[in-house]
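Using the sequences plus the hints, can you model the full thing?
Here the protein sequences line up with chains A and B, keeping their order. The numbers in the working numbering rise by one with no breaks, and the one at position 223 of the first sequence is 223. The numbers in the working numbering rise by one with no breaks, and the one at position 131 of the second sequence is 131.
Heads up, a few of these hints could be off.
[Unchecked claim] Below, in silico cross-link-like pairs of lysine-lysine (DSBU-like), each with a Cα-Cα straight-line distance of 30 Å or less:
id : chain 1 : residue 1 : chain 2 : residue 2
1  : B       : Lys68     : A       : Lys428
2  : B       : Lys68     : A       : Lys513
3  : B       : Lys68     : A       : Lys273
4  : A       : Lys226    : B       : Lys68
5  : A       : Lys204    : B       : Lys35
6  : B       : Lys68     : A       : Lys516
7  : A       : Lys386    : A       : Lys316
The hints are simulated quantities; they were obtained by calculation from the structure and are not laboratory data.
Listed below are the residues making up each chain.
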Amino acid sequence: MRLSFLHNKVIRIRGDQSASLGVMRERLFMLGGVFILCFLVISVRVIDLSLTHGLSVTESEIFSSHEGSDTQKGAEIRRGYIYDRNGELLATSVKVPALFADPSLILEPEIVAAQLAEIFPDIKIDEIADAMRGTNKYTLLVRPVTPEQQARVLELGQLGLGFEYQYNRVYPNGSLVSHIVGYAGKDNTGLSGIELGQDEILAKGENVYLSLDLRLQHILRRELTKAMDEFRAVGAIGAILDIKTGEVLAGVSLPDFDPNYLARYEAEGEAHKKFNQLNLGVYELGSIFKVFSIAAFLDLKSGALGQRFNVRKPIKIGRFRINDYHPKKADLSIPEIFVHSSNIGTALMAEELGAEKLKGFYSDLGLLTRMKTEVAGSGLPQFPEKWPRSTLLTVSYGHGLSTTPLQVLSAFATVVNDGIVVKPSFLKKSKDKSDQEEVQVLSEVTSAKMRKLLRLNAIHGTGESADVSGFYVGGKTGTANKYGRDARVSSFAGVFPAHDPRYAIIIVVDEPKGHKGTYGYATAGWVAAPTFARVVKSMAVVLGLQPDGSKEAEEFAQDLVRYIPVEDQKVKKKERAQFVSY
Amino acid sequence: MGIKVRFLFMFVVLFLTGSAVSIYVGHKVRVAEEKLESLDYAYQLEISRMQALEAEYAFLNNPERLEKLAVQYLGMAMPEKIAAVNARDLNDRDNIYVEHLMSNAAYGVRRSQKRSPDYVVEKPMFISAEGTR
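Here it is as structure tokens:
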């Protein structure tokens with residue numbers, strides 16, 4: 001052991017002192033080592049922090065102030081989309097900027113509110129100023145904000161104003177499918193239509209495919225709009241149903257609304273436009289109910305088509321009388337009663353059948369209970385609880401019983417579908433055949449008779465103007481007067497092709513007014529039936545349906561023509577066999 | 001003593017090496033994470049843009065809008081004059097025309113069958129009204 005001093009003298013320490021000095025030196029060495037280690041660790045960490053973390057502001061962090069992402073916020077789940085049966089987008093969620101304020105950084109709320117009012121004309125200065133006076137750190141002011149508005153807000157240079165990106169529901173087709181798709185609120189929860197009915201699925205981010213065909217929806221809406229305009233009606237309703245699957249291919253309720261601008265309707269006092277008359281509105285649809293009453297009579301009473309009823313005199317019930325629109329001084333067979341739409345004849349059949357059976361049959365067709373579909377909300381049918389004779393007779397031809405148009409269409413489709421209940425669905429079905437349980441409420445024989453009657457009515461009856469050559473339409477008109485008013489509801493329910501129905505369509509026009517071209521008439525034969533024909537023609541083009549030239553189709557219902565006296569037969573032009581305006 | 005110093009030296013070297021390696025690995029992981037986050041964000045951004053584009057596409061393909069444009073710029077209209085005709089309903093003069101059409105369309109109907117009573121074509125045909133007159 002050596003210790004060096006200034007004079008280069010070497011002093012040797014031996015014994016106990018030498019040993020303790022050695023221990024001390026070791027400890028100093030160890031301590032120095034620890035200090036060096038700590039220094040090195042700290043140095044490395046400082047280098048690490050300054051060189052790597054200092055530069056670790058990611059692209060996403062830079063962009064997050066500009067356009068938020070799902071991973072950044074995590075909590076916000078994109079609401080599922082809604083598509084039509086062909087994959088056309090009906091409702092989507094798009095991220096849009098929303099303006100928020102941090103009141104603690106707003107020094108003069110009144111001035112800022114006034115500045116914002118210049119950019120957003122719809123906002124109220126007082127409300128915005130109050131919102132910015134709060135003590136919280138976040139107040140949502142405006143949503144959505146357009147890029148131009150966003151730029152103008154940024155130009156204000158207010159520190160307390162900021163933007164965040166939120167999902168906003170967008171409906172690219174505007175009012176075209178508004179009543180069926182419905183709309184979602186600002187918090188992205190469904191408030192009506194499919195948005196509400198399928199809210200649980202959509203909220204999970206799952207997409208929903210509807211049974212609707214956007215092209216057919218457009219055709220139906222276009223033709224109903226034409227009918228509304230031509231007859232100055234207050235509303236129009238229509239639906240196209242695929243009888244084989246129960247899928248609703250189109251559903252329209254006019255007037256309608258654009259779900260992208262909901263606030264506008266409240267502000268302009270037009271909230272009624274948001275009412276879905278197809279599912280929620282209940283109407284007396286008049287003579288269309290004769291289809292159900294006659295079907296009930298044929299099925300439950302085993303009535304023969306040739307059976308005749310005396311319709312010469314009106315039926316008196318107390319001070320009321322049941323009349324025919326076109327009175328006949330004869331005993332009419334069932335086909336005649338049907339094509340002349342005789343109230344008296346139908347009422348006589350109902351009387352023979354009895355209230356219990358008729359009510360039971362209506363119930364089997366689903367006309368007396370609230371219909372459930374995937375679209376939220378459904379109107380409750382209105383009818384008297386007890387059916388005395390007066391109710392029985394009037395209900396048989398569609399007066400005194402109000403149901404939704406979709407319910408009537410469903411019952412109508414059931415009658416022609418071999419009596420198998422057709423349950424309307426607004427969701428696309430994967431299989432061509434309906435997967436629902438088959439419930440038969442009417443015999444196949446009766447259903448075949450009804451198809452023939454409907455076809456006969458389109459050839460020689462009130463539904464003549466609904467026929468489209470090559471497509472063999474069958475259907476029934478209905479004109480119901482509104483109580484206490486000189487107003488009516490004109491409707492037509494039809495199917496095609498009548499011998500093997502695939503599509504059922506209902507057209508309802510609310511309060512049409514006649515004009516010169518219709519000689520002042522606004523009955524279903526003038527209003528709803530031609531609209532039906534136009535819809536069929538257009539949808540045939542879209543769906544690529546070819547006119548049927550088969551013998552079976554051509555001769556269908558010809559055996560019933562013998563019931564119609566020659567003078568009552570409406571002989572159509574040669575075009576029925578030859579050239580037809582398509 | 002010598003062993004202890006060597007041991008300490010080795011320990012320091014190993015510790016420093018280990019620290020450096022772990023810091024390097026940590027840094028690499030962090031960079032990778034940031035890259036992943038950045039890619040994820042870019043992906044989300046693209047999804048968001050695609051959603052906007054899809055909405056725009058749907059808006060542009062609105063049937064009502066397309067119909068208006070088709071009428072306005074292409075002069076398209078509903079086919080008013082197309083005739084749906086069954087061959088069996090046609091008279092003799094039309095039959096000759098149908099025969100001509102059918103031979104052109106390679107329907108396989110022989111000329112010898114022209115006047116045959118079985119000369120009934122069940123398949124409906126579209127013939128323009130102008131074409132037959």
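Inset, instruction - Would you mind confirming whether the straight-line C-alpha gap from Lys226 (chain A) to Lys68 (chain B) stays at or under 30 Å? - result: With Cα atoms ~15 Å apart, Lys226 (chain A) and Lys68 (chain B) stay inside 30 Å; holds.
Legend entry - Hinted pair Lys68 (chain B) and Lys513 (chain A), Cα distance within 30 Å: holds, 28 Å
Inset, instruction - Sort out whether Lys316 (chain A) lies within 30 Å of Lys386 (chain A), counting only the CA atoms. - result: holds, 20 Å
Legend entry - Straight-line alpha-carbon gap Lys68 (chain B) to Lys273 (chain A), limit 30 Å: holds, 24 Å
Inset, instruction - Could you grab the alpha-carbon distance between Lys68 (chain B) and Lys516 (chain A) and see if it respects the 30 Å cut-off? - result: Roughly 29 Å separates the two Cα atoms, so the pair holds.
Legend entry - Lys204 (chain A) paired with Lys35 (chain B) [C-alpha distance capped at 30 Å]: holds, 29 Å
Legend entry - Restraint status (C-alpha distance of Lys68 (chain B) to Lys428 (chain A) at most 30 Å): The given pair, whose Cα atoms are some 29 Å apart, holds under the 30 Å limit.
Hint check: no violations occur; every hint is consistent with the structure.
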